[in-house]
Amino acid sequence: MANSSEISYLQQPAKRTFWSIPKAYQDSARGYFLISPPLLYSLVMLAAPLVLVVLLSLWTQNYLELDRTITLKNYVEAVTEPLYGLLISRSLMISGMVTLATVILAYPIAYYVAMFGGKRKSMWLLLITIPFWTSYLIRIFLWKVILGYNGVINGSLMGLGLIEEPLTFILYNANAVVLTLAHAWAPFAILPIYVSLSRIDKSLLEAARDLSDNAFQRFFRVTLPLSMPGVVAACLIVFIPTVGDYVTPKLLGGTDGLMIANMIQIQFGKANNAPLGSALAVVAMFIVAAISISFVLLTRRFLKTKG
Amino acid sequence: MISNSAKPIIEIKNVEKRFGSVTALDGVTLDIKEGEFFSLLGPSGCGKTTLLRIISGFDFPTSGSLYIGGEDMAEVPPNLRPTNMVFQSYAIFPHLNVAENVGYGLKKLKLPKAELERRVNEALALVDLKGFGPRESHALSGGQRQRVALARALIMQPKVLLLDEPLSALDKKLRDAMQIELRRLQQTVGITFVLVTHDQEEALIMSDRIAVMFDGKVSQLDTPEKLYRRPANRRVASFIGVMNFIPAKVVSSNSKSLVIDITAIGKATLDADEQYAAGADITVGIRPEMLTILYSETADDKDSFAATVNARSYYGDMTYYDVRINDTNIHATISMRNTAGRPVLAPGAKTRVSWRPDSFTIIANV
Chain A
171 MANSSEISYL QQPAKRTFWS IPKAYQDSAR GYFLISPPLL YSLVMLAAPL VLVVLLSLWT
231 QNYLELDRTI TLKNYVEAVT EPLYGLLISR SLMISGMVTL ATVILAYPIA YYVAMFGGKR
291 KSMWLLLITI PFWTSYLIRI FLWKVILGYN GVINGSLMGL GLIEEPLTFI LYNANAVVLT
351 LAHAWAPFAI LPIYVSLSRI DKSLLEAARD LSDNAFQRFF RVTLPLSMPG VVAACLIVFI
411 PTVGDYVTPK LLGGTDGLMI ANMIQIQFGK ANNAPLGSAL AVVAMFIVAA ISISFVLLTR
471 RFLKTKG
Chain B
14 MISNSAKPII EIKNVEKRFG SVTALDGVTL DIKEGEFFSL LGPSGCGKTT LLRIISGFDF
74 PTSGSLYIGG EDMAEVPPNL RPTNMVFQSY AIFPHLNVAE NVGYGLKKLK LPKAELERRV
134 NEALALVDLK GFGPRESHAL SGGQRQRVAL ARALIMQPKV LLLDEPLSAL DKKLRDAMQI
194 ELRRLQQTVG ITFVLVTHDQ EEALIMSDRI AVMFDGKVSQ LDTPEKLYRR PANRRVASFI
254 GVMNFIPAKV VSSNSKSLVI DITAIGKATL DADEQYAAGA DITVGIRPEM LTILYSETAD
314 DKDSFAATVN ARSYYGDMTY YDVRINDTNI HATISMRNTA GRPVLAPGAK TRVSWRPDSF
374 TIIANV
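Sequence lines, in order, name chains A and B.
With positions in the first sequence counted from 1, the corresponding number in this note's numbering is that position plus 170.
With positions in the second sequence counted from 1, the corresponding number in this note's numbering is that position plus 13.
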């Protein structure tokens, strides 16, 4: 071995750094490393407050002091008091209608951009985000101007002599809340539907035509089923947050349009009963979770389209 | 085989297709006969796929007309045409299983369940996929997807089945097997098949007739054998197989025969259906397998020339030689089968090569 020194130099074990851990470990370690900032962030900002809310809901408010004995009293009240039941079912009803309206309105827009957008696709997607360029509060007040007693709609209809006195069913009730929320959440519905539509292989559409489908049949047999993942995602994205919406019903809902989040706010504020408010929040959360999960389970057969 | 008198099922008359400033089809006229296996062959961009899409109705011609079964197709959308297509990507519906895919086009006939099932199973049996009905479509291999696509189109009992490069996504072994099988299937069902391909071997193996296309035009329409033996021009000759092009001079010409002087090889008398002026410059072509190496420098064959091996490529069953003819700068490619006792010549080896006058074909300089 004339040049053994050289060989031993070459065969020196590589320095053990983070990057030289065996491949399998390395991949998962790298994965954890990558998600740790957001994971930490969501632990602190989401999980911790959630734990606090659950804890709070198990205590009771004793005038000015918190009684820290664990009890389910708040939950019993939250479930048995008819007013809360009414507010929760109204919230579900309103956001259900919002979801339906949003998805039905969003689908044709997403369809147009995905199928006929051509080179202008990104321009269309940019235009869809334009409502976000102003604050949500300002948009709510704009809706007030449009829908109000002396607003744009009433003014023009009366000016045209089509109505004698202003319509009152368009503001300060559930209709106004549905209208405003559907408008506000449209982009969130358009984008997932657009994505699933644009992923459809065009030759599948041609194959349907070739197998003697007309345009309608093709839509219901190929396009719609293949875009269901986007539709399901859009439903969840719109439904889950709107159940707990608070600003819109507060400003546009009048008394008929109040939702569960407004009651939770009252409990934390005027009523000074944070534990009951927490219990209501937890109940609402579980109901929304249950509805969303059953929705996903029910639509699961549409989601198995991965080629 | 298809007799010459078979009536045309597809008549394409002077079809032009322009996409903006690009001319994809530049006046194509051809007839496709009932029951034949017809191929559109050409390099990519020659317009063959556009022509297929015009026949299927996914594109409409800019000018010219198309008749299928005697009916003008100018206003007929693809769903109402008596054609069905096997797509290059196969376009298997991912949300449906195999049986639902195959039965897709029959759905609106509102057949009784048992009848639908019977027809689907029949179609699956035809393409050798018995019992595959309940399989999920994403669990299929490439070859199986192709069979499903075939069954899905054939179940519609079209007058014409259109195939858009159906074998290009398969590996070589499977492709070779499918070529034979497609041909057999076509003869079983008796439907007119129109195949688009850029693979000349595939077209030669499967077709009754082939239209070779370049630049949006049909360069030659003929049987595989005629295309190979008597290519109409230099482009067709070099697209299909290998061809040696050698310049020649016309010595004399009459209505029956043509005497030419082939550069470096010598005089030859050919059968000719065309007359040429004496002294005219022409080009003749000869296929590599039409030249025979004699493995001897002194062999005395009337029609032969001396050759020096310049290079060789060994393919196992065959050897391809590049030789210089009679010590001139004219080269020829010769293929020899490596049969028992036949040596493989090394570069530099000298030998004689024999030829027959009827192996030469006159190539139009287009």
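Errors might be hidden in some of the hints.
Taking lysine-lysine and the DSSO-like style, the derived pairs with C-alpha atoms no more than 27 Å apart in a straight line are [unchecked claim]:
#1 A:Lys372 - B:Lys172
#2 B:Lys230 - B:Lys269
#3 A:Lys372 - B:Lys120
#4 B:Lys121 - A:Lys372
#5 B:Lys123 - B:Lys143
#6 B:Lys185 - B:Lys26
#7 B:Lys186 - B:Lys143
#8 B:Lys172 - B:Lys143
#9 B:Lys20 - B:Lys46
FYI, nobody ran anything at the bench for these hints, they're computed from the structure.
Quantities reported herein were computed from a predicted structural model and do not represent experimental measurements.
Taking the hints in turn, this is what the structure says about them:
1. A:Lys372 - B:Lys172: Within the cut-off at roughly 25 Å; holds.
2. B:Lys230 - B:Lys269: Judged against 27 Å, a Cα distance of about 31 Å means the pair is violated.
3. A:Lys372 - B:Lys120: holds (21 Å)
4. B:Lys121 - A:Lys372: holds (22 Å)
5. B:Lys123 - B:Lys143: Within the cut-off at roughly 23 Å; holds.
6. B:Lys185 - B:Lys26: Since the Cα atoms of Lys185 (chain B) and Lys26 (chain B) sit roughly 36 Å apart, the hinted pair is violated (cutoff 27 Å).
7. B:Lys186 - B:Lys143: holds (22 Å)
8. B:Lys172 - B:Lys143: Since the Cα atoms of Lys172 (chain B) and Lys143 (chain B) sit roughly 24 Å apart, the hinted pair holds (cutoff 27 Å).
9. B:Lys20 - B:Lys46: It holds: about 6 Å lies between the C-alpha atoms, which stays within 27 Å.
Hints 2 and 6 from the earlier list are contradicted by this structure; the remaining hints agree with it.
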